[in-house]
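These protein sequence lines are chains A and B, in that order.
88 is the number that numbering that gives the first Met the number 0 gives to position 89 of the first sequence; each next residue is one higher, with no gaps.
66 is the number that numbering that gives the first Met the number 0 gives to position 67 of the second sequence; each next residue is one higher, with no gaps.
Calculated from the structure, these hints are not laboratory results.
Misleading hints may appear alongside valid ones.
[As the list claims (entries may be wrong)] Below 25 Å or equal to it, Euclidean Cα-Cα: the simulated DMTMM-like pairs (lysine to aspartate or glutamate) are: (1) B:Lys85 with A:Asp65; (2) A:Lys24 with B:Glu78; (3) A:Lys81 with B:Glu56; (4) A:Lys9 with A:Asp57; (5) B:Lys58 with A:Glu66; (6) B:Lys58 with A:Glu103; (7) A:Lys81 with A:Glu71; (8) B:Lys58 with B:Asp69.
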Amino acid sequence: MTDQAKAFDKIKGHLAKDKIVIYMKGTPQAPRCGFSAQAVSVLNAHGKPFSGYDVLSDEELWNHLDEYSGWETFPQVFVDGKLIGGCDIVTEMHQSGELKKVIEDAFATAGSGTTIK
Amino acid sequence: MTDQVNEARRRKIEGLLREALDPVHLVVEDESHLHRGHAGAREGGHFRVTVASAAFEGKSLVEQHRLVQDRVRGLIGTEIHALALKTIPASRWQPG
Chain A
0 MTDQAKAFDK
10 IKGHLAKDKI
20 VIYMKGTPQA
30 PRCGFSAQAV
40 SVLNAHGKPF
50 SGYDVLSDEE
60 LWNHLDEYSG
70 WETFPQVFVD
80 GKLIGGCDIV
90 TEMHQSGELK
100 KVIEDAFATA
110 GSGTTIK
Chain B
0 MTDQVNEARR
10 RKIEGLLREA
20 LDPVHLVVED
30 ESHLHRGHAG
40 AREGGHFRVT
50 VASAAFEGKS
60 LVEQHRLVQD
70 RVRGLIGTEI
80 HALALKTIPA
90 SRWQPG
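The task is simple: from the sequences and hints, build the whole structure.
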């Protein structure tokens, strides 16, 4: 298996496990970048569970996440396995009310598992 | 990093986006001074782009941002450390 295929499997696993996933610099508890911190604070405002993965401490993610998502910068927020955007988009959607709808729709969907950590 | 270097980068970003997106509104601001001293600031400048263009019509925000990022891709990680983006379809642009 190539490094890329291994990384893609890992990412797909993350996205299958949780409805909301953020790939970021640092962790939700200790962000290491202002944009990641901002995105986490937006997600926290919605009160739904999400998982954060630190790209700075995971070489596979650091090297291959952009190839998976087609997005070059961090953070990257996924809802229901789909890239929603980075800090600016998430903030803009939060302010417009669109993010609330996207998140509610995701959690209204029956089926795939929701893990509360 | 000197202000002249970031001003040159700012103009480069502005030029690339103006050429690619034929914007009805485009502002590129250098915000590097706000981030002086943090680790990534050595790698490149912090810029804030507000751009309104017909190219964004009917596209999702992710697609709109990709259109911008694709134009400056070669600069990310070298001359650009961070790019804050606000994209607006031309039909929704309200001056002032």
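These are the hints, each one checked on the structure:
1. B:Lys85 with A:Asp65: Since the Cα atoms of B:Lys85 and A:Asp65 sit roughly 21 Å apart, the hinted pair holds (cutoff 25 Å).
2. A:Lys24 with B:Glu78: 20 Å, holds
3. A:Lys81 with B:Glu56: 21 Å, holds
4. A:Lys9 with A:Asp57: 11 Å, holds
5. B:Lys58 with A:Glu66: Holds: B:Lys58 and A:Glu66 sit about 21 Å apart, inside 25 Å.
6. B:Lys58 with A:Glu103: 22 Å, holds
7. A:Lys81 with A:Glu71: Since the Cα atoms of A:Lys81 and A:Glu71 sit roughly 15 Å apart, the hinted pair holds (cutoff 25 Å).
8. B:Lys58 with B:Asp69: 15 Å, holds
Consistency note: the structure conflicts with none of the earlier hints.
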